[in-house]
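Asks: For reference, the chains in residue letters:
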Amino acid sequence: MKSPIYVSALALMLFAAGCKIDNYPAPDAQLYGTFLDAETNEPVEQDIIRGSTIEYIEHGYASQTKQVMLVKNDGTYRNNLIFANQYTITPVRGNFVPTEPQEVTVAGETQLDFKVQPYIRLKDAKIEKSGSKVIATFKIQQTVINNVRKIGLYAHPEPSVGEPMRTVLSETEINGATDPNKVYKLEIDIPSNSNNLKTGNQYFFRVGAIIDAPESKFNYAKAVRIAL
Amino acid sequence: MKLTKHIFMLLVLLTAISCDNVLDKQPLDKLQGENLFSNPEGVKLYMANLYYQLPIEDFTFFRQGFNWNTGDPNNGGFAPAMITDEAVHTEFGDFIGNDDFQWWDQGYKLIRDTNILIDIIPTLDVSEDETKALVGESAFIRAYAYFALVKRYGGVPLITAVQKYEGDVEALKVPRSTEKETWDFVLKECDIAIANLADSWPGGERRATKWVAYALKSRAALHAASLAKYGDRAPISGTAVDQKLVGLEKSAAAEYYKAAIEASEAIISSGKFALYKPSPASPEEAAENYRKLFEDPNIAPTEAIFIKGYARPGSGTGHNYGIWFQPNQTANGWPHPGRMNPTLDLIDAYESYTNPGQSAPVTTTVAGNDVSDYNGFDPAKNYKRYDDPAGIYKDKDARLWATAILPGTAWKGQKIIIQAGFIKPDGSAQLFGGEPIKVGSATIYPYGAADRTQYSGFDTWGGNNTRTGVSFKKFLNEGVNVAPGWNQTVSDWADFRYAEILLNYAEAIVESGTGTATKGAQALNDIRRRAGHTKDIPLTIDNVIRERRVELAFENKRFWDLIRRREYHTLFNNRVRHALVPVLDLRVTPAKYIFIRQNIARLNPATFDYKNYYRYVPGIGANGLVQNPQY
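First to last, the protein sequences are chains C and L. Just so we're aligned, residue 1 is where the first sequence starts under the working numbering, counting upward by one. Just so we're aligned, residue 229 is where the second sequence starts under the working numbering, counting upward by one.
Hints in this document: simulated from the structure, not taken from any laboratory. Honestly, I wouldn't trust all of these hints.
[Said to hold, decoys possible] Some chain C residues judged to face chain L by a derived CB distance under 10 Å, without partners named:
id, residue
1, I49
2, G60
3, S63
4, T65
5, E163
6, P164
7, R166
8, T167
9, L169
10, N181
11, N193
12, P214
13, E215
No residue lacks a Cβ here, since even glycine has one placed at the ideal position from N, Cα and C.
This is chain C alone, in the form it adopts within the complex (with noise of 0.2 Å):
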């Protein structure tokens, strides 16, 4: 008559062993933000595809294990799985000068944005098509003294076109620097481009420029819809 009770007592404890493990809470916090540039407050243009990254470490715990988070092209992002805690918190490997690490605490909804100095900015940037050729002229103007490696036209069907995602390319080398009043000038030939630039369809056009700086990232003006 005994063993009933016993079974069900040894049964009960099991099941509630087996319940105590999982019973964390779900990441409940968001953490969103936007890359600034601290002069103008504009939004920073970055690449979607090996762009600037946002690394942190969760506070707690030994092994320090570097997350990552990428930015969009608009130079936002946003985390909307993340716990809440302290973290600390670094943008490395970007298109502006190196920041330092910042220690956060997060929880529900924080905003977070970065106010940083863009290597280069893309000042006045003008992108037309004209008879066959897209034409696009812009200024630069660069925030520190190490030589501007080149500068590019990218198209794209996406609109997150830059230079590591584009269909067609027209870039010149500079590797010097560059007189903030200078115009310069990158067209893209539509007919001898027929393969990726169909007339008749839409391409997104952005122009942009890489600092000569350790794992540096391409600064871009925003891209420019074209109707071919």
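Given the coordinates of chain C, work out where chain L should sit on it, guided by the hints.
Replies: Chain L in isolation, oriented as in the chain C frame:
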């Protein structure tokens, strides 16, 4: 009384049982360590296993690992060349992934097995010569293993004696050494091997000799030197960089180039080695000599410095190049042949005998100024027309003809047909499929023949036909109809051959600006002469690199060349690889062939990320090691 007797009997019984050491029994199906090593034959057996584990990048090396010919060897026919600009796969377009080319657990297993032997050598009752040979061989194997590790991971834990578990896991954890210390260890082990190994083995066994160890040192030192010289082309940051676990100082380049020059020079000046058939009478003869060298490297004992053999067809003792890479027409019943497609990018690199010293991109039009136009067929262009579809490759370097099966050339007694479609008499193009058409009384088929078994190009059926315009030839055996099953190919692999040493030598001289430039130029031009060239070219880095690309194509060198010279991210930045597409032009009678330079169909652009210059270190949670940057 009776009870006492029982107790006594029980005691006797228990004693008897306890004497029978059940738990101390030795397994009957395994050889014991002391027996194995007390017998020279046992040592040989053990050594054979170590050689089997060597990370030789041969026919069974794929991104999944080494010796990929046991168990289920079906990897779809994906070869390392397809991660480079040498080739693409017929069916798949994948590029490099994080888990590709890992070699951590297997590496440390080989190192442990070698350390066991090294610990036991002094206790063996063998002659002094044999001891010396064992010391040399085990150092060679360890150098080979650590070279494979350091080129993948940068600095790694240097474990030089057998580790014993004595209750403390922490005591077994060895931190990573710096990348510099690891390279220096590899070269030091090579030196030990060089000092202890003999010139040759009495029975001609395929085991390490002094010269094989020199060859390894030549290759490893050149790799380290290039990393030091060009590391800043792809700067990376992170803890592993701060602790110098990855990366070399620029100043280290000089000593490594010096080591590469000296090791190569030792082989060159030994007088024991030479190129196979170094002065052919014609390009045709050069092509045939070069082809035969890879069909069976054993015919060239002076060129093949170290050979890995494949003895019998069957699991683990054969490989699968024969089935995967045959053109479709000679598939001999295998359902998925023709999977290695050499790219136009590689074909363009080969020189023309009419203009030595330059890559000779294939010109498809009379104007010839449109080699960078990959937009497909353009009716306004004046295409060059050929009766013979291989005619466009006339005068191209003999090694191209021996490396790739060109359209319209013969292979295994068949004319290999590679055709992507036709230009109709009215001038419109029908490419990559569609119905046959009638021209006069003749029926013209898009792929060049009526039946799927009669052509080898562009039809996507079965994922079988080349999509670059040529098929693969190097290493395939023309005389053998390979059986349509796993591991039926038993051709051997030359891991080190003299031509590579000459190229290492030339590169180290030109890159370091030291050594004797005239000897470097001679090394370069000797290889070219063997390929049917008659005019010498100067020693420049561009000439050496082009020569490496064509001479060592498909020998799994290109991947590491792009890594060590930090050129991968520049070459593979949204890279689209290209095809040379043969098309039948029906606008003229009789019909002739024209060629279109264009992007390879159905293939995504490929981008190489900086972090891929190092592989990730597996298991850092357990082994406590510092991870490589960005993983």
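Asks: Which of the listed hints are broken here?
Replies: 2, 10
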